[in-house]
Every structure is written in structure tokens, then in C-alpha cells.
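There are 2 protein chains.
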Amino acid sequence: MSDKIFVDACFGKPTPYTPVWMMRQAGRYLPQYMKVREKAGNFLNLCHNPELAAEVTLQPVDIVGVDAAILFSDILVVPNEMGMELDFIKGEGPVFANPVRDEKALDALIGAEEAADKLTYVYDTIKLVRERLADDKALIGFTGAPWTLATYMIEGQGTKTYNICKKLIYTEPEFMHKLLAKVTEVVKYYLEKQIEAGVDVVQIFDSWAAALEKSKYMEFSWPYMKEIAAHIKAKYPHIPIIMFPKGIPAYLDEIDGDFDVFGVDWSTPMALAKEKLGERYVLQGNMEPCRLYSKEATYECVTSIAETMKEGRHIFNLGHGILPDVPVENAKYFVSLCKEVSKRA
Amino acid sequence: MSDKIFVDACFGKPTPYTPVWMMRQAGRYLPQYMKVREKAGNFLNLCHNPELAAEVTLQPVDIVGVDAAILFSDILVVPNEMGMELDFIKGEGPVFANPVRDEKALDALIGAEEAADKLTYVYDTIKLVRERLADDKALIGFTGAPWTLATYMIEGQGTKTYNICKKLIYTEPEFMHKLLAKVTEVVKYYLEKQIEAGVDVVQIFDSWAAALEKSKYMEFSWPYMKEIAAHIKAKYPHIPIIMFPKGIPAYLDEIDGDFDVFGVDWSTPMALAKEKLGERYVLQGNMEPCRLYSKEATYECVTSIAETMKEGRHIFNLGHGILPDVPVENAKYFVSLCKEVSKRA
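Residue numbers (this note's numbering), protein chains in the order written: chain U, 66 to 410; chain F, 66 to 410.
One or more hints might be untrue.
Subject to a maximum C-alpha distance of 30 angstroms in a straight line, what follows is the list of computed BS3-like cross-link-like pairs (lysine-lysine) [said to hold, decoys possible]: (1) U/Lys155 / F/Lys232; (2) U/Lys339 / U/Lys232; (3) U/Lys169 / F/Lys360; (4) U/Lys375 / F/Lys232; (5) F/Lys375 / U/Lys225; (6) F/Lys155 / U/Lys397; (7) F/Lys279 / U/Lys408; (8) F/Lys225 / U/Lys232; (9) U/Lys281 / F/Lys100; (10) U/Lys100 / F/Lys225; (11) U/Lys281 / F/Lys375; (12) U/Lys232 / F/Lys100; (13) F/Lys225 / U/Lys104; (14) U/Lys225 / F/Lys169; (15) F/Lys155 / U/Lys232; (16) U/Lys279 / F/Lys360; (17) U/Lys232 / F/Lys397; (18) F/Lys192 / U/Lys339; (19) U/Lys360 / F/Lys169; (20) U/Lys375 / F/Lys279; (21) U/Lys232 / F/Lys375; (22) U/Lys279 / F/Lys225; (23) F/Lys100 / U/Lys155; (24) F/Lys155 / U/Lys155; (25) U/Lys279 / F/Lys341; (26) U/Lys360 / F/Lys225; (27) F/Lys339 / U/Lys225; (28) U/Lys360 / F/Lys281; (29) F/Lys225 / U/Lys291; (30) U/Lys232 / F/Lys360; (31) U/Lys281 / F/Lys341; (32) U/Lys232 / F/Lys404.
Derived by calculation from the structure, the hints in this document are not laboratory data.
Take the sequences, apply the hints, and build the full model.
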């Protein structure tokens, strides 16, 4: 047994209650976060400043009472350190001025350990957090999945249609695979270095999994996620791996690989996830984040998930990130309710 | 048997081949459409001008060879004629200057037949198209589902998070139901009047079905769609009804109601739709529209769908709207291939 119930829960071991955290828990709904964010000047500065990033990473543990902190950073620091100029533009979100759409641009990207080595501010943040975090709380490191990172690298910004990426998938699949393989190598080193710096768990976010049809998801995303998980698992078997491919309820049957926890998004009913994956993986999730607008709606959902997952092998979470206009009080209520309803005699 | 194989196919009757059309087939990928669009000045003018709207409605039948025309219009003409000022802003999409978020604004909306009566330009377009369309081709009328319309009416524009709508769902469910019921009444009259004007089939588009979790979808959207379908079916049993709730593969088991065709979006594998719904409904769909970038990718998908649906009870379509940068040649290839692979001896 670990000294962290969160780590035990990831491995499916019995715990006194079902641990809980929230995606985007270090975020704009917290006035304390907004203060630090203001001090940093902008979002990217905050990611680059280990002292401030550590501070916001720790806030939700103290304020909301979650069982795990998640490293404050952004998935796009990886392509950024691969050599892509990154800006966060107000109202528009992240923008890469020079998207990667041909072999020349792809070959110019910094790869493998060299790119991962440039992310020192992330490793420094992890070291600071791990020093200050209570021993019984876990620190979660993370990365974006190669496919999700590739969508930004190719489109240059958020997109509704993903039409540039998809055109490449259907017309230049070799190019896509080459790009994804290059990102995959960087991500492997990146997670290794996060673990060496002190994270207790890692989560791979495939936020745009639902942008691909099944056959293409199973060719262009999931294999790279599995490759990363297998690599980390072989080297660090004591570190739990959480996979979060958002929005693929139609083919959970096809999901396999060497990881520990499957993150269930809110569009996937927990009972369906349990039926398809519950025997093979611990499940994490999955309250619809907008339920946090109402304590009643929160109660209804938490008790229902607790009933579905009453045999355990579960970690409470939202099914996507918490929204900025949620009352902090409701987030606290969610966290304490999850612990209370899952308390074991 | 009807004189239109499209109508026969909607009712699951045997046809010489599986008919085909494409969502957004009267659209920007056609240079001929762009010319008329320019003549109209802007998108909303085009919707309001029966002569020009009829012209673009008919274009894909002549140019691409589809088996059905779909009325050229926009789902938002309904809230527009309920009294909401509507603009289409370049790069931003549709905007309602005064969103409906309280009882006062809701009560001020024009309802029922009075709103439907104001959509004369739609009925005039239908009459013109039906006069000019070959007898063996079908004309599809349509509406947005009340939930999808409500998202625009409440948010005032497109949204990534639907947080204003969802906040209302979780905190003011009675208000949401009142709004949805009011839209439902208008839509019933709207479809009746479309049928009286000459459409042969109607489709209900629930484009933002996937924005809701299962339990809320089954409370706030599907019942209203079913109510509309039942109303139309009782009055016009000879008019096939197509339901298109986009992106709900996780709970097709729960789908029921008095309609004829279920539109399968590309995120739902056709084999899954067939297993869950194929015995009860004719299935429409579902090629990933981005496959139209490549003839090879189109061939692979069309032949695979044809194999899955070889016993018939199927209508070919894309799994979402065709994109503006698709080559017309590839759209023609898709349409002719669908007919060719499904030809019956």
C-alpha cells in the first residue's frame, strides 16, 4: 500500500473512501487563482514561473479539499518547446503563428529528449509542489495526447471542423504518422522527466478524441497513447497511468493497453463505461461539470455514480474541466459529498 | 409505392438502388451556389428570397445527381420570426442581439401559428421548387429541434460550453421546459405548412444533441422531437419523418418514437446504429464528410457502409454537412458510387 490513498485507488486497492479531484481544479473559478494569474501578467507567464505555478497547483488542495493536486501547466508547452511560437490571444485561445503542415516544417521541429529538456520550468514546478504538498496527497503530472497536440500544431489554433488535420489524415496519412511519432517521442521523455521530478501519477489528455471517426481514432490516436503508456509502465511500474480520451462512448470495446485508470467523460454514461471497461480498469469520473451550478443536481449525480460504482475501483472527478463561473462553495460541496457517500465502514 | 424512390426508401420499401443526398448539399462547395449567394448580398437575404432560394435548392440535384433536394433555409428563421432579431456576422456566425433568458423575454416571443405564418418566404420557396423539381425526386423540408434552437435563443450565438443553457437546465428546469414547449408548438405548425406547400419528407435536425448528458437529453430534447414527430405522423402519415440527433451513440437503446428514418452521424459507427435501431427504423448516413477530400477514402467508406447495410432499409448520406473546400468532382463521385454499389439485380 502507498501512503497516498489516491495512488492506491488508481491501482484498484481498497481505500477508506473514493478519492476525488477535478479537471481544471487550479483555475479561474478560484479568486485566489485569479490573483496569482494577474501577478503573472498572462497565462503563459504563469506556466513558465515555477513559484507561481506551484502556488496555483496547491490552491485547490487547501481550498477545496481534493485528494490530488494536478500540475498547473498547459498541454501546448510541448509543441512550444519543439520550436513553435505560441500565443494565447484573449477571446481566441492559443495560436501558433506558424502551423506545421509539410515535411519541411515538421523536420524543423526539435524532437525527442532535446525538446523535453527545455521544459525545465515544468520540472521545477513539480519539485516545488512535491516539497510543499502533504505526503498523503498525490501530485498528478500530465501531457496532451499526440493527436490532440497535433490538432493545434496543424490548425494553428482551436477549430470547429478540424478540416486541415482531417484532410491530412485522409490524403497524407504518412505525414500525419510521422508528425504523431515525433510528438510521441517528446512526450515519452516529458513524462519520464515529470516522474523523475516527483509526480506520483500521470494522465494523458486526449481532449479532441471525438474529432475522429472510430477507424481513424484507432489508427491515429489510440496507438500513440498506448505506446506512451507502455513505455512509462515498463520503466515506472509504480506510477499509475490515467488515460482520458474524451468522447468515445461508441467503441469502448476496442480500448486496451497497459494503463491503470480510464477517465470517463460526461458524455459516456458511467454504467456503460463500467460494463465495457470496469473489469479491466479503474474508472475515473464523470459528473457533468455544469451540474456544479446546482447543489441539487450535484447531489443527484454523485449519489447515482456512487451507486453504480459501489464495489469501488473508482475515482471521483468531473467528466470535463470545471467552468470559471461555478461558485467555489459548490465545488467544495461536490468534493466533500464524494468522500462522504463513498465512506467505507 | 410512391413515384419517388427516396420516399419508398424512407418507408423501408425495396428500391432499385439506395438513394443518396448530402447534408448542406446546397452550399459553398458549389461555385454556382456562391454566385447566387453573392447576388443575394448575404445569407439571410438568400433565405428570404424564394426565387434565389429555390435556385440553390435545385442546384445539387442537377449538378451532383442526388435523389432529393433539401429546402434551402436556415433553422434560425424560426426564432427570428418568433420576434428575435437575427444577424449573421462574418467569422462569428449567427447572433441574436437579445437572447431569451427570463420569463419576460420568453413571454414576449410570438408563438404557435402566428409565428409559423410569418415564414411565408419558406413556403413560397417550397412551392417554386416543387414546381421545377422532377416528379421522381423528393423535396425534403426541415426544422431545427427545439433544444438546438433553444441553444441559440439562450446563448445568443454559437457556444463551446453551452454554459448559459446548461445552467438553466440544472437550476431553472421549468423555464427551459416552458421555452422548449413554446418552440415545439411553432415547429409543429411550421412543418405542417411546409408539407401543405409541397415537401415530400421532413427532417428534424438536433445538431447540438451531444451538448447534453444522456439523462438531460432524454428530458429536454428527445421528448419534444418525439412530440413533433407524433403530431406530424398523425396528420400526414404519408410523409416520412427523419430524425437526426447528432452524436448520441452512447444511448441509442433509449431511442423510440413515431418516425421513419434515423439519421446516423459519423461519430456513430453504422454497425452500432444497425444493431440498436436497424430493425425499428430505416437508417440514413453516415460517411465522415472529410472523407470527401479523397476518392480513395470515399470508396473505402461507401463500400463498407454498403456491406453493413446490404439488406437495405438505408439511405446514403454524409454523417454531417459537406465542407466548403470539398472538390465538386469528389461530391459527384460519392453520389454516383453510392448508387452504383447499391444497385439491385
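Holds or violated: U/Lys155 and F/Lys232, Cα atoms, limit 30 angstroms.
holds (24 angstroms)
Given the hinted pair U/Lys279 and F/Lys225, is their alpha-carbon gap at most 30 angstroms?
Roughly 23 angstroms separates the two Cα atoms, so the pair holds.
Can the restraint linking F/Lys225 and U/Lys232 be considered satisfied, given a maximum Cα separation of 30 angstroms?
holds (23 angstroms)
With a cut-off of 30 angstroms on the C-alpha distance, tell me whether U/Lys225 and F/Lys169 pass.
Between U/Lys225 and F/Lys169 the Cα gap is close to 33 angstroms, so the pair fails against 30 angstroms, i.e. violated.
Restraint check for U/Lys232 with F/Lys375, where alpha carbons must lie at most 30 angstroms apart
Status holds; Cα separation ~29 angstroms.
Take a quick look at whether F/Lys279 and U/Lys408 sit within 30 angstroms of each other, Cα to Cα.
holds (27 angstroms)
Distance restraint between F/Lys225 and U/Lys291, which requires alpha-carbon spacing of 30 angstroms or less
holds (29 angstroms)
For the pair supplied as a hint, U/Lys281 and F/Lys341, is the alpha-carbon distance within the 30 angstroms limit?
Satisfied, since the Cα-Cα distance of roughly 22 angstroms is no more than 30 angstroms.
Between the alpha carbons of U/Lys281 and F/Lys375, is the straight-line distance 30 angstroms or under?
Satisfied, since the Cα-Cα distance of roughly 23 angstroms is no more than 30 angstroms.
Please verify whether U/Lys375 and F/Lys232 have alpha carbons no more than 30 angstroms apart.
holds (29 angstroms)
Is it true that the CA of F/Lys339 sits at most 30 angstroms from the CA of U/Lys225?
Distance ~28 angstroms between F/Lys339 and U/Lys225 Cα, so the pair holds.
Given pair status - F/Lys281, U/Lys360, alpha carbons within 30 angstroms
holds (16 angstroms)
Comparing the model with each earlier hint shows violations of hints 2, 5, 6, 9, 14, 18 and 23; every other hint is respected.
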